[in-house]
Amino acid sequence: MNLTLKVWRQKNASDTGRLVTYEAKNIIPDMSFLEMLDVVNEELMQKGEEPIAFDSDCREGICGTCSMVVNGTPHGGMKGTTVCQCHMRHFKDGDVIIIEPWRARAFPVLRDLVTDRSSFDRIIQAGGFVSVNTGGTPDGNAIPVPKTDADVAMDAAACIGCGACVAACKNASAMLFVAAKVSHLANLPQGRVERERRAIAMINQMDSEGFGNCTVTGSCEAVCPKEVSLDFIAQLNREYGKAILKNRMERKLAGGG
Amino acid sequence: MINLLKNLFCSSLGKKFIMAASGCVLFLFVVGHCVGNLQVFLGPEAINRYGAFLQGLEELLWPVRITLVTLVILHFWSASRLTLENRAARPVAYAEWNPTVASYASRTMFVGGSVIGCFIVYHILHYTALVNVGGGNFTSSAQFEWTNEHGEKIHDIYKMLIVGFSVKWWVSIFYIVAVGLLSLHVSHGAKAMLQSLGLKSKSYDPAVRCFAAAVAAFLFVGYSSIPLAIMLGFLK
Numbered sequence: 001m002n003l004t005l006k007v008w009r010q011k012n013a014s015d016t017g018r019l020v021t022y023e024a025k026n027i028i029p030d031m032s033f034l035e036m037l038d039v040v041n042e043e044l045m046q047k048g049e050e051p052i053a054f055d056s057d058c059r060e061g062i063c064g065t066c067s068m069v070v071n072g073t074p075h076g077g078m079k080g081t082t083v084c085q086c087h088m089r090h091f092k093d094g095d096v097i098i099i100e101p102w103r104a105r106a107f108p109v110l111r112d113l114v115t116d117r118s119s120f121d122r123i124i125q126a127g128g129f130v131s132v133n134t135g136g137t138p139d140g141n142a143i144p145v146p147k148t149d150a151d152v153a154m155d156a157a158a159c160i161g162c163g164a165c166v167a168a169c170k171n172a173s174a175m176l177f178v179a180a181k182v183s184h185l186a187n188l189p190q191g192r193v194e195r196e197r198r199a200i201a202m203i204n205q206m207d208s209e210g211f212g213n214c215t216v217t218g219s220c221e222a223v224c225p226k227e228v229s230l231d232f233i234a235q236l237n238r239e240y241g242k243a244i245l246k247n248r249m250e251r252k253l254a255g256g257g
Numbered sequence: 001m002i003n004l005l006k007n008l009f010c011s012s013l014g015k016k017f018i019m020a021a022s023g024c025v026l027f028l029f030v031v032g033h034c035v036g037n038l039q040v041f042l043g044p045e046a047i048n049r050y051g052a053f054l055q056g057l058e059e060l061l062w063p064v065r066i067t068l069v070t071l072v073i074l075h076f077w078s079a080s081r082l083t084l085e086n087r088a089a090r091p092v093a094y095a096e097w098n099p100t101v102a103s104y105a106s107r108t109m110f111v112g113g114s115v116i117g118c119f120i121v122y123h124i125l126h127y128t129a130l131v132n133v134g135g136g137n138f139t140s141s142a143q144f145e146w147t148n149e150h151g152e153k154i155h156d157i158y159k160m161l162i163v164g165f166s167v168k169w170w171v172s173i174f175y176i177v178a179v180g181l182l183s184l185h186v187s188h189g190a191k192a193m194l195q196s197l198g199l200k201s202k203s204y205d206p207a208v209r210c211f212a213a214a215v216a217a218f219l220f221v222g223y224s225s226i227p228l229a230i231m232l233g234f235l236k
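Top line first, the protein sequences correspond to chains G and W. Using the numbering used here, the letters of the first sequence map in sequence onto residues 1 to 257. Using the numbering used here, the letters of the second sequence map in sequence onto residues 1 to 236.
Source of the hints: derived by calculation from the structure; they are not laboratory data. Hints may be right or wrong, so weigh each one.
Said to hold, decoys possible - Partial chain G-side listing against chain W, Cβ under 7 Å, derived:
| no. | residue |
| --- | --- |
| 1 | M45 |
| 2 | Q46 |
| 3 | K47 |
| 4 | P51 |
| 5 | P108 |
| 6 | A172 |
| 7 | Q205 |
| 8 | D207 |
| 9 | V216 |
| 10 | R238 |
| 11 | Y240 |
As the list claims (entries may be wrong) - Simulated crosslink set (DSS-like; lysine-lysine; CA at most 30 Å straight-line):
| no. | chain 1 | residue 1 | chain 2 | residue 2 |
| --- | --- | --- | --- | --- |
| 12 | G | K242 | W | K202 |
| 13 | G | K47 | G | K79 |
| 14 | G | K92 | G | K147 |
| 15 | G | K79 | G | K242 |
| 16 | G | K6 | G | K47 |
| 17 | G | K170 | W | K202 |
| 18 | G | K170 | G | K147 |
| 19 | G | K25 | G | K147 |
| 20 | W | K153 | W | K236 |
| 21 | G | K79 | W | K6 |
| 22 | G | K170 | G | K242 |
| 23 | G | K147 | W | K202 |
| 24 | W | K202 | G | K226 |
| 25 | G | K226 | G | K242 |
| 26 | G | K242 | W | K6 |
| 27 | G | K79 | G | K25 |
| 28 | G | K25 | G | K11 |
| 29 | W | K168 | G | K246 |
| 30 | W | K168 | W | K153 |
| 31 | G | K92 | G | K25 |
| 32 | G | K25 | G | K47 |
| 33 | W | K236 | G | K170 |
| 34 | G | K147 | G | K11 |
| 35 | W | K202 | W | K153 |
| 36 | G | K226 | G | K170 |
| 37 | G | K170 | G | K11 |
| 38 | W | K236 | G | K246 |
Don't be surprised by glycine CBs; every beta carbon is placed ideally from N, CA and C.
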């Protein structure tokens with residue numbers, strides 16, 4: 001199949017960038033979207049042109065590295081799928097495909113389709129630690145966790161931190177990501193010890209990174225490759241509301257040298 | 001306490017709490033106001049008695065009015081701050097953007113809300129402050145007096161409505177457009193406020209969705225039926 005690509009090309013962070021049109025010829029429908037880009041890049045390199053820069057790592061939908069907006073939808077719009085697992089059979093011969101990077105102030109474009117998502121890392125860092133007792137190895141079931149709680153925590157922990165929620169949100173809000181991270185720990189007894197401190201610290205960091213706010217549109221949930229539910233945003237709101245009422249941030253952490 | 005206020009007024013989630021909580025009270029108000037207004041279909045006696053009852057709550061009238069205006073201001077303040085942050089969060093727009101499941105109502109909350117805000121000012125000038133902004137001068141004569149069953153002279157709200165909606169056709173059209181926007185706003189707001197306050201739960205979420213759609217439809221039909229009925233001559 002032959003396709004027309006309109007790809008965002010941007011030399012570096014300070015370049016303004018523009019959409020450039022390329023022809024993708026002889027694409028096999030079983031190729032993944034990234035393999036299709038590999039073919040286009042091979043051709044560009046043979047012609048002596050700069051290949052299209054994009055992020056990828058595992059290419060099996062579990063690492064959260066690949067990140068591009070295809071025809072206006074992050075990861076290409078296949079339900080519960082990253083763009084590396086989106087296959088060319090979902091497109092038709094002769095299609096025009098627009099490929100853009102994640103667009104958010106907190107995710108500055110480094111080059112072409114590659115964005116700097118370290119704002120997510122800083123939010124995780126702000127979340128701090130989980131208290132673990134030192135000493136001998138505890139028994140596996142020393143802390144009882146109800147099965148349903150473990151399942152809910154796992155649904156939140158499925159978040160791979162790709163940033164598609166931010167890219168899809170009309171406000172470039174990171175609420176689904178932060179909600180997944182806060183809920184994942186708040187649903188487990190091990191994570192409950194620092195839950196208030198964590199909720200406030202992560203929200204403060206999220207705000208200072210320049211993400212937008214939640215308008216409850218549901219776009220984030222719709223594009224999430226791990227189908228993290230909007231219900232976790234409700235839980236984040238609840239965690240934060242309780243935390244600011246308890247006012248645990250007032251007391252500075254003591255000790256630890 | 002200082003920290004709580006700082007978190008409430010400065011953080012993104014705090015501002016969402018303010019928006020949702022004020023929206024919740026305003027939501028109850030618009031539903032109550034609509035039900036009250038529908039008494040116009042029961043004739044002048046009923047709606048004028050209702051008006052006199054509200055006016056008679058002398059000790060409560062101004063505190064309630066001040067509270068409602070304060071809530072509108074808080075609602076608008078948090079909305080504008082959040083919207084400015086949202087616009088700043090995406091400095092370069094997408095060449096193509098697919099809203100996926102984001103409803104039209106959810107994407108137009110601020111613009112629609114701002115028009116509703118202007119409408120509220122107009123509406124208060126029109127029927128509360130009785131400024132002549134729609135062709136009907138409600139303060140000029142004794143024709144807007146109604147004598148009730150006890151022989152007391154009270155405001156003739158019924159006649160005010162008839163005159164207010166029949167002197168200039170564009171007044172009625174503006175009201176109908178504004179309540180259309182209001183019901184669109186409420187159709188999203190009624191379910192989003194529970195999410196923002198962290199009260200959403202899978203167990204009753206489907207009911208909340210139906211409720212939000214039903215109330216939005218009720219508000220549009222209820223509010224627009226009055227100017228429509230007057231324009232079409234059903235109420236005289």
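For each hint, the structure was consulted:
{"no.": "1", "hint": "M45", "verdict": "violated, 25 Å"}
{"no.": "2", "hint": "Q46", "verdict": "violated, 28 Å"}
{"no.": "3", "hint": "K47", "verdict": "violated, 24 Å"}
{"no.": "4", "hint": "P51", "verdict": "violated, 21 Å"}
{"no.": "5", "hint": "P108", "verdict": "violated, 10 Å"}
{"no.": "6", "hint": "A172", "verdict": "holds, 4 Å"}
{"no.": "7", "hint": "Q205", "verdict": "violated, 11 Å"}
{"no.": "8", "hint": "D207", "verdict": "holds, 5 Å"}
{"no.": "9", "hint": "V216", "verdict": "holds, 4 Å"}
{"no.": "10", "hint": "R238", "verdict": "holds, 3 Å"}
{"no.": "11", "hint": "Y240", "verdict": "holds, 5 Å"}
{"no.": "12", "hint": "K242/G / K202/W", "verdict": "holds, 20 Å"}
{"no.": "13", "hint": "K47/G / K79/G", "verdict": "violated, 36 Å"}
{"no.": "14", "hint": "K92/G / K147/G", "verdict": "violated, 44 Å"}
{"no.": "15", "hint": "K79/G / K242/G", "verdict": "violated, 34 Å"}
{"no.": "16", "hint": "K6/G / K47/G", "verdict": "holds, 18 Å"}
{"no.": "17", "hint": "K170/G / K202/W", "verdict": "holds, 25 Å"}
{"no.": "18", "hint": "K170/G / K147/G", "verdict": "violated, 36 Å"}
{"no.": "19", "hint": "K25/G / K147/G", "verdict": "violated, 51 Å"}
{"no.": "20", "hint": "K153/W / K236/W", "verdict": "holds, 21 Å"}
{"no.": "21", "hint": "K79/G / K6/W", "verdict": "violated, 40 Å"}
{"no.": "22", "hint": "K170/G / K242/G", "verdict": "holds, 28 Å"}
{"no.": "23", "hint": "K147/G / K202/W", "verdict": "holds, 18 Å"}
{"no.": "24", "hint": "K202/W / K226/G", "verdict": "holds, 19 Å"}
{"no.": "25", "hint": "K226/G / K242/G", "verdict": "holds, 28 Å"}
{"no.": "26", "hint": "K242/G / K6/W", "verdict": "holds, 15 Å"}
{"no.": "27", "hint": "K79/G / K25/G", "verdict": "holds, 27 Å"}
{"no.": "28", "hint": "K25/G / K11/G", "verdict": "holds, 25 Å"}
{"no.": "29", "hint": "K168/W / K246/G", "verdict": "violated, 55 Å"}
{"no.": "30", "hint": "K168/W / K153/W", "verdict": "holds, 28 Å"}
{"no.": "31", "hint": "K92/G / K25/G", "verdict": "holds, 13 Å"}
{"no.": "32", "hint": "K25/G / K47/G", "verdict": "holds, 15 Å"}
{"no.": "33", "hint": "K236/W / K170/G", "verdict": "violated, 48 Å"}
{"no.": "34", "hint": "K147/G / K11/G", "verdict": "violated, 50 Å"}
{"no.": "35", "hint": "K202/W / K153/W", "verdict": "violated, 53 Å"}
{"no.": "36", "hint": "K226/G / K170/G", "verdict": "holds, 20 Å"}
{"no.": "37", "hint": "K170/G / K11/G", "verdict": "holds, 26 Å"}
{"no.": "38", "hint": "K236/W / K246/G", "verdict": "violated, 58 Å"}
Of the numbered hints given earlier, the model fails hints 1, 2, 3, 4, 5, 7, 13, 14, 15, 18, 19, 21, 29, 33, 34, 35, 38; all others are met.
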